[in-house]
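Using the sequences provided together with the hints, build the complete structure.
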Amino acid sequence: MVYYVFTLVFFLFDYFILAMGLNIQYGETGILNFAYIGFVAIGAYFTGVFSLPSSANTGQHYILGLGLPFPINLLLGGVAAMCFALLVALITLRRLRTDYLAIVLISLSLVLYDFCNNYVSLFNGADGLYNVPEPFAKTLGLTVNSFIPFFACVTAVVSLLMWFVMSRVTRAPMGRTFRAIRDDHVVAAALGKNVFWMQLKSMLIGSFYAGIGGGLLIQFGGSFNPTAWLPGETFVVFAVLIVGGAGNNIGMFVGALLVETLLVHLPAFLPEIPGHPGLIEYFDLALVGIVLMAMLWFRPQGVVPERLRRTASFGVVERAAVQPADGQ
Amino acid sequence: MTELSVLNAEHQAGRAAALRCEGITKAFQGVHAVNGAAFDVPQGQITALIGPNGAGKTTVVNILSGAMNSDGGREFIGETEVTNWPSYKIARLGLMRTFQLSRELGGLTVLENLLVAPADQAGESLVNLLFRPGLIRDQEREHAERALQVLEIYGLYPLRDNRARELSGGQKKLLEIARAVMASPKILLLDEPMAGVNPALIERIGGYILDLKESGVTVLMVEHNLNVVEQICDYVIVLAEGRTLATGRLSELRENAEVVKAYLGEVIDASALH
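Chains as they are written, first to last, in the working numbering: chain L, 1 to 328; chain B, 329 to 602.
One or more of the hints may lead you astray.
Stretch-level coverage of chain L by chain B, calculated; a stretch enters the list once three of its residues show a Cβ under 8 Å from a Cβ in chain B [unchecked claim]:
no., stretch
1, 173-183
2, 192-205
3, 308-317
Which chain L residues stay away from chain B? Per the calculated CB distances, all over 10 Å, these [claimed, not checked]:
no., residue
4, Met1
5, Asp99
6, Tyr100
7, Ala102
8, Asn131
9, Val186
10, Val187
11, Thr227
12, Glu233
13, Ala286
I should point out that these hints are in silico values taken from the structure, not numbers from a laboratory. Glycine included, each C-beta is placed from N, C-alpha and C at the ideal position.
Here is the structure:
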């Protein structure tokens, strides 16, 4: 039972991080990043190869193998995802917008997937990385059972720290400029905002979150392979964002709770349906799809909609309101 | 000397140009929207850009503001050549614009629409965000106080916490001008600021534009309403078929047969422009 509960807790907080990263890109800046799961994978793989020892005598093939401790390997995994984002942004963001950008990004995600799956010496191909050292397991003498609650708590702490930083970003003028670009990039540029530079910042911040989320995934499970990041997984993160409420960081937590924890992972822990063994495990994505459609139809702003930044939040004294002048 | 060059010479003798374009061309799939437009916009004056539909007025505004690249010709802000600069760089030189169809930042509040405008905001830097929150807080308060003053002037103060997409058409026109003013412009391009606006509001917007002139802002406005042009504009540039047909005062242009013909087709009587 403890294993089940803390596994759900881990996924709740990990997807909270992933959704915050996608939220700053799509919910705040309007970048339709359909390659998001690719950045998660880069973070996971690099966290793994920074953490694993040299590949000699491991039976695996991978680059680096530096044996770095947690959380240095995790931070470097996040930085690796940022570097990949920089490359992608330089290729795509200068000239492409909205649907064309989305098509190119989803194509890039498929190319990356095939590349990692087939170029074995990079991240061990289709077998992926395994036997990734569990953080602090030796130092603290953690067993398989005690590691799961421990690491779920570590993930919760990391996610709360990242929420604190993200809240600062989204509440600040930077977040406001991101939202201005989302609403109308032509107007933002006409007001003197360097749209490419701001979108690049958003991509880098979001990709760092993706990398950290991915890094935590490989540290929790000890392994990561291409089946964990099928391109369709991007849409689960989008579902978290849309159900929770795009443009609201708290909404990302609610979305992670409702979609990732309750719809995707909880069914796997439910009792079997008599006469249909294994069927319930296949319900998850169907349920996500149904909930997504229902939300888009009945409550497109999500469970926790984007908050208005009212005058009082700027620390100014408001005067008595008068009615707007006639004739407007 | 032709009538046009006389008018241009008179026009240029008066004041230095805040904005100048020379032989701008722009074609869309072979159709010449702008075909050699050339004019000066005098410093500190209100200049109208008029012409029949399809004359290329909005395309010229888009090119001058950097929203669109020209195919040929040169543009200057003061002495600085800004030909085909991106709009954010042009905006940073102090040229702001509004749009023919209002383009509010709909998901932001009215106040936030104005707060986007100031240049060099400390809170747009990640380093400041993490290490200098006090600086950001102070600057935000300062900008918010100024934005509220601007909103009060433009009669939008009671709507400050509404999402901009909830405003009426007239209020959106005001918001666009207020947002541009918040950026402390040196030059303001207004693309049909009176379009679709009721007469009472037309008068108010005209007053705001005159106030901007008083504060030293150079205004170039695309306008079809010749009564407004007559009342508030110092100079007029007439575009037809993408070319500068004439420049001068409206009273002079009314006597110009070419202008009358371009504006009204095969007309006849200059009094139609009165």
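We went through each hint and held it up to the structure:
1. 173-183: holds (count 8)
2. 192-205: holds (count 7)
3. 308-317: holds (count 7)
4. Met1: At roughly 41 Å from the nearest Cβ of chain B, Met1 (chain L) sits farther out than 10 Å, so the non-interface label holds.
5. Asp99: holds (19 Å)
6. Tyr100: With a cut-off of 10 Å, Tyr100 (chain L) remains clear of chain B, as the shortest Cβ separation is near 19 Å.
7. Ala102: The assertion about Ala102 (chain L) holds, with a minimum of 20 Å to chain B.
8. Asn131: holds (36 Å)
9. Val186: The assertion about Val186 (chain L) is violated, with a minimum of 6 Å to chain B.
10. Val187: violated (5 Å)
11. Thr227: The assertion about Thr227 (chain L) holds, with a minimum of 35 Å to chain B.
12. Glu233: holds (28 Å)
13. Ala286: holds (32 Å)
Violated hints for the displayed structure, listed by number in ascending order: 9, 10.
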